[in-house]
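A.B. asks: Here's the letter readout for the chains.
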Amino acid sequence: MTVQPIVQGRGIVKRYGHVTAIDHSDFDLYPGEILAVIGDNGAGKSSIVKSICGAVHPDEGEIKIEGKPVHFNSPLDARDMGIEIVYQQLALSPALSIADNMFAGRELLKPGVMGKVFRQLDKKAMEDFARQKLSDLGLMTVQSINQAVETLSGGQRQGVAVARAAAFAKKFIIMDEPTAALGVKESRRVLELIQEVRSRGIPIVLISHNMPHVFEVADRIHIHRLGKRHAVIDPAKFSMSDAVAIMTGASEAPPIEDQQLTPKVA
Amino acid sequence: MAEPAPQRPGGQDFEQTLNQSDTNVARFENTDRTFLKSLQHFLHGNPTIVPVVILILGIVGFAVVTDGKFLSLYNMNVILQRVSIVGTLAAAQTLVILTAGIDLSIGALMVLMSMAMGHLAVSMGVPAPLAVLIGLGGGGLCGFLNGLLVTKVKLPPFITTLGTWRIFYALIFMVFGSQSIRGGDIDKVAPLLKFWGNVLVLGPVRLTYGSILLFVIFFVLWYVLTQTAWGRHVYAVGDDAEAAELSGMQSDRVLRQVYIVAGVVGGLAAWMAIGRLGSASPTSFAEANLESITAVVIGGISLFGGRGSIWGVFFGAIIVQVFDAGLSMTSLDTQAKYMALGVLIIVAVAMDQWIRKVSA
Chain R
1 MTVQPIVQGR GIVKRYGHVT AIDHSDFDLY PGEILAVIGD NGAGKSSIVK
51 SICGAVHPDE GEIKIEGKPV HFNSPLDARD MGIEIVYQQL ALSPALSIAD
101 NMFAGRELLK PGVMGKVFRQ LDKKAMEDFA RQKLSDLGLM TVQSINQAVE
151 TLSGGQRQGV AVARAAAFAK KFIIMDEPTA ALGVKESRRV LELIQEVRSR
201 GIPIVLISHN MPHVFEVADR IHIHRLGKRH AVIDPAKFSM SDAVAIMTGA
251 SEAPPIEDQQ LTPKVA
Chain H
1 MAEPAPQRPG GQDFEQTLNQ SDTNVARFEN TDRTFLKSLQ HFLHGNPTIV
51 PVVILILGIV GFAVVTDGKF LSLYNMNVIL QRVSIVGTLA AAQTLVILTA
101 GIDLSIGALM VLMSMAMGHL AVSMGVPAPL AVLIGLGGGG LCGFLNGLLV
151 TKVKLPPFIT TLGTWRIFYA LIFMVFGSQS IRGGDIDKVA PLLKFWGNVL
201 VLGPVRLTYG SILLFVIFFV LWYVLTQTAW GRHVYAVGDD AEAAELSGMQ
251 SDRVLRQVYI VAGVVGGLAA WMAIGRLGSA SPTSFAEANL ESITAVVIGG
301 ISLFGGRGSI WGVFFGAIIV QVFDAGLSMT SLDTQAKYMA LGVLIIVAVA
351 MDQWIRKVSA
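Chains as they are written, first to last, in UniProt numbering: chain R, 1 to 266; chain H, 1 to 360.
These are computed hints drawn from the structure, not numbers from a lab.
Careful, some of the hints might be misleading.
Stated by the list, open to error - Beta-carbon label-pair distances, calculated as ranges:
1. R:184 x H:52: 21 to 27 Å
2. H:158 x R:250: 35 to 41 Å
3. H:189 x R:124: 31 to 37 Å
4. H:183 x R:112: 52 to 58 Å
5. H:144 x R:147: 33 to 39 Å
6. R:117 x H:155: 32 to 38 Å
7. H:162 x R:41: 57 to 63 Å
8. H:144 x R:112: 51 to 57 Å
The beta-carbon is built from N, C-alpha and C at its ideal position, and this holds for glycine as well.
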């Protein structure tokens with residue numbers, strides 16, 4: 001197996017005072033896969049994921065992206081490298097339009113003097129781009145790209161957030177509980193979106209508590225327990241109850257040869 | 001070999017019934033859309049209409065009450081000249097209120113800077129252009145102080161500016177004493193300070209340069225708020241600072257910049273105030289701060305941040321002057337003026353709340 005991982009974390013440690021949130025944990029994400037990260041509350045799964053996107057600064061350990069060591073000071077650094085995050089709480093500005101939200105913090109300026117000197121936004125280009133990206137993902141059910149986000153349903157908003165991430169992610173996307181606040185139908189839509197994004201070759205880190213969703217879309221499942229990567233399993237070889245048992249400590253982690261530390265060979 | 005799990009296309013077992021699920025979306029009785037509901041929708045889409053309507057009602061009302069005297073050219077010219085100071089402060093105030101803050105210190109900041117400009121130029125012999133620049137920069141510095149307290153010390157803007165208001169006000173008297181700087185002295189050494197008081201005569205209309213500058217300030221602010229990325233960020237930070245931060249904007253930096261710009265615009269108002277008044281007085285414009293907040297609120301900028309149009313504020317500032325001038329032409333005493341403005345504020349905010357509750 002010589003595939004180079006997109007993200008490789010080794011021996012990552014993060015302490016908050018006396019609490020060790022991440023305890024010499026490893027982390028691997030490979031090209032083109034959906035890696036689910038599961039773990040009990042307080043296991044440190046969001047800490048480990050935050051440490052690979054710059055929101056948390058690890059005290060020890062090494063993180064490599066495509067083989068190069070990185071030190072992110074903030075999520076903005078990660079974003080500049082093409083790492084996008086879809087947050088549970090959405091991170092959309094309700095009063096701004098869909099197009100404005102897609103380009104929040106990376107607006108396009110008009111070419112020439114109007115853009116360079118007068119810093120005028122190229123609204124048309126941004127609207128066209130946003131419309132294009134939403135239709136690519138089959139999301140153009142919204143009436144207008146200039147609609148305020150607050151007029152959209154929860155699922156539509158999540159769709160905008162996913163489309164934004166997919167549009168700008170060059171390396172990978174992190175999704176933090178993307179279906180947690182959604183109904184059955186809307187969750188289905190978002191899961192389809194996740195698979196759609198993966199089929200475009202963008203790897204995804206999916207943090208979720210929802211076992212059926214995890215088992216449905218994940219290629220590998222990273223089980224986090226007590227601040228460590230406890231096991232990485234293939235959802236086809238283990239059941240949901242196995243995963244929950246490993247995650248909660250009810251059963252031992254499977255022996256290393258039964259785990260799926262690297263991607264399955266197709 | 002076990003059968004492959006029936007997964008990908010249809011989702012999970014319990015979701016199979018989704019195909020047959022009712023496709024109707026919940027519908028609510030809205031066949032009988034009342035006039036009030038339609039009005040609410042209209043106002044939601046066109047927030048600047050409210051101040052325009054209030055302005056027209058105000059002008060018509062005062063014209064009737066004063067037998068048309070209110071509409072005299074002289075009176076209209078006075079209103080246009082007076083609006084420049086409160087209008088400029090309201091422009092600065094708009095930026096701060098759009099970020100869900102409030103600036104109680106901007107009036108004191110203005111008086112402090114107009115005294116500084118006057119003293120530097122008249123008593124200390126600093127060249128007038130330099131005195132003006134120091135005044136503008138000093139305004140920016142005062143704004144920066146507010147911004148630091150809000151973003152670094154994490155004080156609420158109300159408390160921050162309540163404190164700096166008293167501090168700036170005290171500084172006026174501690175540094176410059178309670179003496180006004182007389183207009184004659186300014187004319188002799190630094191007529192530049194009174195530049196905005198010059199009058200442009202266009203037939204019957206007498207506009208001060210200050211009124212023209214006010215229009216330019218609003219135009220620039222409109223451009224910045226609607227046509228630049230920074231403007232989008234100001235709205236986004238006021239709307240939901242956390243969401244703005246998560247989507248890659250630097251909320252604290254935007255906030256600090258907003259307070260700095262507000263301070264510089266306050267410094268500009270200080271320069272305009274010398275022209276308007278013809279002198280620099282430590283006790284002038286005591287009402288200007290609250291009037292600027294009144295103008296912003298009547299103009300339809302939400303005190304909760306992130307919503308409203310700058311042109312609404314322009315009309316809001318004119319409304320404040322119209323009520324001011326109109327009520328002083330009637331036989332009512334000055335307390336009635338305050339009462340009317342008080343009622344206006346409450347009605348404006350109540351309207352804002354009602355409009356925001358609109359169901360999409």
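A.B. asks: Would you pick out the hints that fail for this structure and give their numbers low to high?
C.D. replies: Violated hints: 1, 2, 3, 4, 7 and 8; rest satisfied.
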